[in-house]
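**Q** Sequence lines, in order, name chains S and F. Quick note: the first sequence uses the working numbering, first residue 1, plus one each step. Quick note: the second sequence uses the working numbering, first residue 1, plus one each step.
Hints in this document: simulated from the structure, not taken from any laboratory. Heads up, a few of these hints could be off.
Repeated chains share a single entry, so a pair holds when one copy, or any two copies, can fit it.
Stated by the list, open to error - In silico SDA-like pairs for lysine to any residue, Cα to Cα no more than 20 Å straight-line:
#1 K353 <-> D266
#2 K353 <-> G182
#3 K211 <-> R425
#4 K140 <-> G326
#5 K211 <-> A233
#6 K353 <-> E171
#7 K353 <-> N264
#8 K353 <-> A433
#9 K353 <-> D395
#10 K211 <-> R408
#11 K353 <-> Q413
As the structure is a prediction and not an experimental result, all values here were calculated from the model.
2 protein chains.
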Amino acid sequence: MPPAYPTPARITAVDTYDIRFPTSRELDGSDAMNPDPDYSAAYLVLRTEPTGTGAGLEGHGFTFTIGRGNDVQVAAIEALRHHVVGRSVEEVCADPGTVNRALVGDSQLRWLGPEKGVMHMAIGAVVNAVWDLAAKRAEKPLWQLLAEADPEWLVSQVDFRYIADALTPEEALALLRAGREGAAARTAALRERGFPGYTTSPGWLGYSDEKLTRLARQAVADGFTQIKLKVGADLDDDIRRCRTAREAIGPGVRLAIDANQRWNVDEAIRWTRALAAFDPYWIEEPTSPDDVLGHAAIREAVAPVRVATGEHVQNRIVFKQLLQAGAIDVLQIDAARVGGVNENLAILLLAAKFGVPVCPHAGGVGLCELVQHLSMFDYVALAGTTENRVIEYVDHLHDHFTAPVVLRDGHYQAPTTPGFSATMRAESLAEFAYPDGTFWAADLAGQPQRTQEPRHPRHKGAVA
Amino acid sequence: MPPAYPTPARITAVDTYDIRFPTSRELDGSDAMNPDPDYSAAYLVLRTEPTGTGAGLEGHGFTFTIGRGNDVQVAAIEALRHHVVGRSVEEVCADPGTVNRALVGDSQLRWLGPEKGVMHMAIGAVVNAVWDLAAKRAEKPLWQLLAEADPEWLVSQVDFRYIADALTPEEALALLRAGREGAAARTAALRERGFPGYTTSPGWLGYSDEKLTRLARQAVADGFTQIKLKVGADLDDDIRRCRTAREAIGPGVRLAIDANQRWNVDEAIRWTRALAAFDPYWIEEPTSPDDVLGHAAIREAVAPVRVATGEHVQNRIVFKQLLQAGAIDVLQIDAARVGGVNENLAILLLAAKFGVPVCPHAGGVGLCELVQHLSMFDYVALAGTTENRVIEYVDHLHDHFTAPVVLRDGHYQAPTTPGFSATMRAESLAEFAYPDGTFWAADLAGQPQRTQEPRHPRHKGAVA
Numbered sequence: 001m002p003p004a005y006p007t008p009a010r011i012t013a014v015d016t017y018d019i020r021f022p023t024s025r026e027l028d029g030s031d032a033m034n035p036d037p038d039y040s041a042a043y044l045v046l047r048t049e050p051t052g053t054g055a056g057l058e059g060h061g062f063t064f065t066i067g068r069g070n071d072v073q074v075a076a077i078e079a080l081r082h083h084v085v086g087r088s089v090e091e092v093c094a095d096p097g098t099v100n101r102a103l104v105g106d107s108q109l110r111w112l113g114p115e116k117g118v119m120h121m122a123i124g125a126v127v128n129a130v131w132d133l134a135a136k137r138a139e140k141p142l143w144q145l146l147a148e149a150d151p152e153w154l155v156s157q158v159d160f161r162y163i164a165d166a167l168t169p170e171e172a173l174a175l176l177r178a179g180r181e182g183a184a185a186r187t188a189a190l191r192e193r194g195f196p197g198y199t200t201s202p203g204w205l206g207y208s209d210e211k212l213t214r215l216a217r218q219a220v221a222d223g224f225t226q227i228k229l230k231v232g233a234d235l236d237d238d239i240r241r242c243r244t245a246r247e248a249i250g251p252g253v254r255l256a257i258d259a260n261q262r263w264n265v266d267e268a269i270r271w272t273r274a275l276a277a278f279d280p281y282w283i284e285e286p287t288s289p290d291d292v293l294g295h296a297a298i299r300e301a302v303a304p305v306r307v308a309t310g311e312h313v314q315n316r317i318v319f320k321q322l323l324q325a326g327a328i329d330v331l332q333i334d335a336a337r338v339g340g341v342n343e344n345l346a347i348l349l350l351a352a353k354f355g356v357p358v359c360p361h362a363g364g365v366g367l368c369e370l371v372q373h374l375s376m377f378d379y380v381a382l383a384g385t386t387e388n389r390v391i392e393y394v395d396h397l398h399d400h401f402t403a404p405v406v407l408r409d410g411h412y413q414a415p416t417t418p419g420f421s422a423t424m425r426a427e428s429l430a431e432f433a434y435p436d437g438t439f440w441a442a443d444l445a446g447q448p449q450r451t452q453e454p455r456h457p458r459h460k461g462a463v464a
Numbered sequence: 001m002p003p004a005y006p007t008p009a010r011i012t013a014v015d016t017y018d019i020r021f022p023t024s025r026e027l028d029g030s031d032a033m034n035p036d037p038d039y040s041a042a043y044l045v046l047r048t049e050p051t052g053t054g055a056g057l058e059g060h061g062f063t064f065t066i067g068r069g070n071d072v073q074v075a076a077i078e079a080l081r082h083h084v085v086g087r088s089v090e091e092v093c094a095d096p097g098t099v100n101r102a103l104v105g106d107s108q109l110r111w112l113g114p115e116k117g118v119m120h121m122a123i124g125a126v127v128n129a130v131w132d133l134a135a136k137r138a139e140k141p142l143w144q145l146l147a148e149a150d151p152e153w154l155v156s157q158v159d160f161r162y163i164a165d166a167l168t169p170e171e172a173l174a175l176l177r178a179g180r181e182g183a184a185a186r187t188a189a190l191r192e193r194g195f196p197g198y199t200t201s202p203g204w205l206g207y208s209d210e211k212l213t214r215l216a217r218q219a220v221a222d223g224f225t226q227i228k229l230k231v232g233a234d235l236d237d238d239i240r241r242c243r244t245a246r247e248a249i250g251p252g253v254r255l256a257i258d259a260n261q262r263w264n265v266d267e268a269i270r271w272t273r274a275l276a277a278f279d280p281y282w283i284e285e286p287t288s289p290d291d292v293l294g295h296a297a298i299r300e301a302v303a304p305v306r307v308a309t310g311e312h313v314q315n316r317i318v319f320k321q322l323l324q325a326g327a328i329d330v331l332q333i334d335a336a337r338v339g340g341v342n343e344n345l346a347i348l349l350l351a352a353k354f355g356v357p358v359c360p361h362a363g364g365v366g367l368c369e370l371v372q373h374l375s376m377f378d379y380v381a382l383a384g385t386t387e388n389r390v391i392e393y394v395d396h397l398h399d400h401f402t403a404p405v406v407l408r409d410g411h412y413q414a415p416t417t418p419g420f421s422a423t424m425r426a427e428s429l430a431e432f433a434y435p436d437g438t439f440w441a442a443d444l445a446g447q448p449q450r451t452q453e454p455r456h457p458r459h460k461g462a463v464a
C-alpha cells in the first residue's frame, strides 16, 4: 500500500567541485598581502530525491578561496557529508539550525578548529547550501525569507554558546521584534531603491595615478558615494595615492582605506595618522583579525578615522569581543567565512545590540551574491536603516552565477530569484573545475588557450 | 669534474600518512566535549637525498587529531609540499625559520586561516619535522639544541609580526641572555631529576568513585604532585568527584579541574565557585579558547582558583592577548596546534615576559613526546625554574614511538635520542594507516580482529 501521506524527499548526495579561475594571469589589482590570487570556490550541491515533499530542489553553497588550498577546502566539505545525506528536505528547510548544530557539534571534527579556519568555512558552505535549499523551497529570495520569519524562529536559529554574556536569547528576541516595526515600508523602499554599495575597483595597489583618477571619477559618476583604496605597501605611495583619490572624488564622497592586515599595532597607528589629512572614512584590517586588543588600541589612537574589520574574523566569539572592547566602528561580515547564515544571524544581532553598523566584505567569487541577502534582511527587519551602511562591490566573476547581482546607481537591487543567489552556471563548473575542467585540462596539457581574450570579460581578479 | 665541495643533500619528498588508532572502542576515559575520540595523527616524513651534506636523515612531524577529519589534515600537509621539496637540508637545518616564514607567508594558503585551524596545524607539523631533522643533524635532542643555541639565533627564529606591541626582539634577546645564567647547573639538574609531570589518568568523566580513588592514590604513590579531573557535565557529580579526589590525595597534592570549553562565561564562574571548596589548583578551558575577555572575566571572579588555557589556542596573537588582558594564571602550550617550534618559541618568550608559568598540554598521540622538549628548554635557558610548572602526562600510545617518553617518580626524564622524539615505529605506520593499514583493512572488511586484546596494552584513549 502506498503511504497515506507523501514521503518526504531526502538529501541524496553532497556533490563537490574544485572551481578555480585563473585570475592571477589577468590581474587588474592586488593588495599588500595578496599579490597573485586565483579566485576559487570550494563548491557543493545538495542533491535531493526526485519525488516526495520538497523533491527535486538543489541547495548550492561554497567557500571562497584564492587558489592553492581549494582542494583542502573541498576535502573539508566532504568530511561533513554524513551529517546531511539522508536527511529530510522538509525538516532541514524548516530548521536549518539543526544542521548547523550537528556540524559545529561534531566532536571529532571540532578538534580541527574549533569553529575556525578550513573546517569552519566548510561548515559555512554546507549550512549556506541548506539555506539556499530552504529559500528555494519557500520560493523566496533568502533576504525575504529571513525578513518575513517569526522572530522566535530566528532566535531558535542562533547558537548562543560563548556569546550569552553579551547577548541573551531574550535580548535577541526583543531586537527582532522591534525590527518588525516599519518593515513593510522598508521592504518597499528596498525594492524601489536597493541597498547602497561602495566600490573597490579604483583602488588596487598596482594602478597608475591616471588610472586611479579615471576610475575614481567613474565610480562617482556611477552613483557610488564611497570608494576604497588599498594601502600598506609604501607610505609615500599611499600619501600620493590618497591625495590623488581625494582630488578625484572631492570632499563629499567617502574614501575608505584597506591595509589587508599588513601592520603591527604601532605601525597601523603611525601609518593611519599619516594618511588622516585625506579624511579617510575608515581604516580596514589595520592588523591581525585575531587581535581584539590591538584593534581597540588602534581605534583609540586614530579617531576620528573609523576602524573596520571582519572579512577574516573567524566566528561570533571574536566579533563579540571586538564589540565588547569597543575595538571597531564598522563590522564587516563575510557570508562565507563563518559558519553560515546561522552564525551571521548571531553576528548581526550582536552588532545591533552594540549599535555598530554592518558593512559587508564582498568581491571574490560570489561573495556579493551571498552577502547582499544578509544586509537586506538587516535593513528590513533588524537594524532598520541603511545609514552608514554599504556593501562592498567589485565587478568581477558575476557572470558565472545564474542570478548575478544587479547594481543600479550605486545600489544593489533586491534579488527576486528564490534562493541565496549561490548557484553557478553549469558551463562555468564544467570549464573551471580543477584540474579536469575544459579550461584547466587544456592549460595543464600545455596547449594554447582557445583565446587570448578573457572568456568572461569581467574577469578582473583582486581580493577585496 | 666533480664539485670541489660536497653537494648539499636536498629534501626529496614529503611522505604523508593518515594514522588512526581505534581508541573509541576501548575508551577508558572521556570528557564533557569529546565522548568518543579515535586518536589519530596526520603524519609526515621529510625524505632526503642519499648522498651529500646532511644526506640520509629524515624529519618526522605530525598533527594530532581525534579521528574524522584526519584526512583533511593530511591534505593540508600535502598542500605545503612545494615549499620544502628541493630545499637544501643544510640550509633548512641552519635556519628553520625560513621554512616557517615561507609556509605562514604563502599568500594563497593564508586565506584559509590566517594562522589558525587546519592549515596552521599543517604548517606546525611541517615546521616541527624540519626541527626534528635539524636536531638529528646536530645529533642532539631538540631541548638541548635549543638550550645551547645562541640567543641571537633563537630570536631570529621568532616571527614578531602581530606581537611586537607586547614583546620586541630586543626584549626577547634580553630574556634569552638572562636565561643563559646558570643554564649548565640546570641542565645537570634536569638530567638528574627530570621535569615534573602531572597525570590526568584518574580523572576521566566516566570513572566510578572507587576507580577514581584507587587511581588518584596510585598517582600520588607514583610520585605525582598534581592530578587532574574532568568536569563540566553535571555539577552534582562534579562536587562528589572533587570531594572523592581530594579525600584520596589529601590536602598537599594539587587538584586541577578541566571543563574542556564546556561553559559560557557565567556558567564557568558559577560552576567553578561551586567547586572551590575542594581547593582546585586551576580551572582549565572554562570556556571558548577564542574568548580572551571571557577568560579575563572568569579569572577575576574565581580567584584564588587559577585560570588555565592553551591547548586549543590557535596562535601567538591570541596568547599575547590572554597575557595582556591578565586573563590566565597558567599558559598551556601545545606542541602540535600552533605553527611549530618557531611559534612556540614566541609563546614561551611572551610567557616569560609576562611572568606566567607554562604548563603544557599533552596526551593524545605523541604530544608528550614533543612538548617535553619545549618545557625542558624553557627550564634550562629561559624561565630558569620548574616552580609551578608541570607537563601533563597521560599513559597511552607511547609504544608507537621509537623514543617514547620516560617517566620516573612523576618526572619526565630528559630525552637523549637526537631529534624531536617524533618518529613513529614503522610497524605502527603499517598497521594503523587508514584505511589501508593491516588493522583497518581487516576491520573495514568486517573480518574479526586478530585478537580481542589491545594490540598495545597502553591503548587507553582519552583527550587530555
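**Q** For each hint, tell me whether it holds in the structure or not.
**A** Hints and how they fare:
1. K353 <-> D266: Between copies only: 19 Å across, 30 Å inside.
2. K353 <-> G182: Only inside one copy: K353 and G182 sit 19 Å apart there, 55 Å across copies, limit 20 Å.
3. K211 <-> R425: neither (32 Å within a copy, 61 Å between copies)
4. K140 <-> G326: neither (37 Å within a copy, 49 Å between copies)
5. K211 <-> A233: Only inside one copy: K211 and A233 sit 18 Å apart there, 62 Å across copies, limit 20 Å.
6. K353 <-> E171: within (8 Å within a copy, 41 Å between copies)
7. K353 <-> N264: between (30 Å within a copy, 19 Å between copies)
8. K353 <-> A433: Neither: 42 Å inside a chain and 50 Å across chains, both beyond 20 Å.
9. K353 <-> D395: For K353 and D395, the Cα distance exceeds 20 Å both inside one copy (33 Å) and across copies (48 Å).
10. K211 <-> R408: neither (23 Å within a copy, 71 Å between copies)
11. K353 <-> Q413: neither (27 Å within a copy, 53 Å between copies)
Of the numbered hints given earlier, the model fails hints 3, 4, 8, 9, 10 and 11; all others are met.
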